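Residue numbers (my numbering), protein chains in the order written: chain H, 16 to 172; chain P, 16 to 172.
There may be inaccurate statements among the hints.
You can't tell identical chains apart in this list, so a pair holds if it fits in one copy or across any two.
[Claimed, not checked] Under the rule of at most 20 Å between Cα atoms (straight-line distance), these lysine to aspartate or glutamate pairs were calculated in the DMTMM-like manner: (1) 20 <-> 144; (2) 54 <-> 36; (3) 97 <-> 145; (4) 54 <-> 33; (5) 20 <-> 88; (6) 20 <-> 93; (7) 20 <-> 78; (8) 97 <-> 144; (9) 20 <-> 87; (10) 54 <-> 147; (11) 54 <-> 149; (12) 54 <-> 79; (13) 97 <-> 115; (14) 20 <-> 53.
Source of the hints: derived by calculation from the structure; they are not laboratory data.
All figures in this text were calculated on a predicted structure; none of them were measured in a lab.
Given next are the chains, with one letter for each unit.
Number of protein chains: 2
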Amino acid sequence: MTARKLAQPFPIVTPETETVEAAQLMAERQLAGLIVCDKDGRPYTVLPGSEILRFLIPAYVQDDPALARALDEEASDELLRKLVHATVRDLLPRPQDIDDLPIVGADATVLEVAAVMASLRSPLVAVVDDLDGEHRVIGAITVSRLLAYLLPTRPQN
Amino acid sequence: MTARKLAQPFPIVTPETETVEAAQLMAERQLAGLIVCDKDGRPYTVLPGSEILRFLIPAYVQDDPALARALDEEASDELLRKLVHATVRDLLPRPQDIDDLPIVGADATVLEVAAVMASLRSPLVAVVDDLDGEHRVIGAITVSRLLAYLLPTRPQN
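Work out the full structure: start from the sequences and follow the hints.
Written as structure tokens, this is what we have:
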């Protein structure tokens, strides 16, 4: 079994994607994160949903979430307004080193996928195909899909 | 809107739950993690699926996932055998400080939930009810559910 066969289609955004669109994708598909590729389709990073909230919620409220109770409806709308006109690029920290990205080649074995997920504590790995030296994302493997594949083969003793 | 109304039922395991059962829950419900409560129902920590893989995959393979290619079917079965007889307790680091847990009270506001998720970079928060000083988990809120709730109220300009 290779990563290519386990991979499932997964929505991809670019740094230019509007934040609202990215948030809607996560909400509709019930995803905890999205794969971010540059406009040439090369994997760039993974955007966890919590980064959208980090962008929205002021640092002093993150430090003391009880302060959020004091914010009224108007303050709340004000925060959401930050999402409009923002793009995924605004949410991303710095481009990561490719070694830190949860990415595997299409020919990676299941254990290799598991090792990457384990080592980066990632709930998701992107599967990339190498075409003439260009990396293209062909899908993704979630931790639940990997566990579902691994479990039926476990010994039943 | 309060955390109580946004919370959805979520599977709960205890440190005594068998690892295989926890892995099956994640696989079947397509979850990236589970809430761990002690046997009195008090929230204890969140178990991400990647921790199961960290338990399975030897450290030297996590450090260099390409080594996983060299593992044959037999070595792979050997790894999976580690899951049998292991319990969730074996996968957990140390009990965390309650302040580090993604937990909100049932009466928390949506922004308070968002602040906790943002500050802990968590894709999930457990919602607890306080009954006579005893915390009971009544459900959980995922980042995608929170975004789905927040988005319809965004300004359309």
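A quick look at each hint next to the structure:
1. 20 <-> 144: within (12 Å within a copy, 43 Å between copies)
2. 54 <-> 36: For residue 54 and residue 36, only the intra-copy Cα distance (16 Å) is at most 20 Å; the inter-copy one is 42 Å.
3. 97 <-> 145: neither (37 Å within a copy, 34 Å between copies)
4. 54 <-> 33: For residue 54 and residue 33, the Cα distance is within 20 Å only inside one copy (14 Å; across copies 45 Å).
5. 20 <-> 88: So residue 20 and residue 88 pass the 20 Å test across copies only (17 Å; inside, 47 Å).
6. 20 <-> 93: Neither way: residue 20 and residue 93 sit 45 Å apart in one copy and 23 Å across, limit 20 Å.
7. 20 <-> 78: Close neither inside one copy (43 Å) nor across copies (24 Å); limit 20 Å.
8. 97 <-> 144: Neither. Shortest intra-copy (36 Å) and inter-copy (32 Å) distances fail the 20 Å Cα cut-off.
9. 20 <-> 87: Result: close only across copies, 18 Å inter versus 49 Å intra.
10. 54 <-> 147: For residue 54 and residue 147, only the intra-copy Cα distance (17 Å) is at most 20 Å; the inter-copy one is 55 Å.
11. 54 <-> 149: within (13 Å within a copy, 51 Å between copies)
12. 54 <-> 79: neither (38 Å within a copy, 29 Å between copies)
13. 97 <-> 115: Neither. Shortest intra-copy (29 Å) and inter-copy (27 Å) distances fail the 20 Å Cα cut-off.
14. 20 <-> 53: Answer is neither; intra-copy 24 Å and inter-copy 38 Å both fail.
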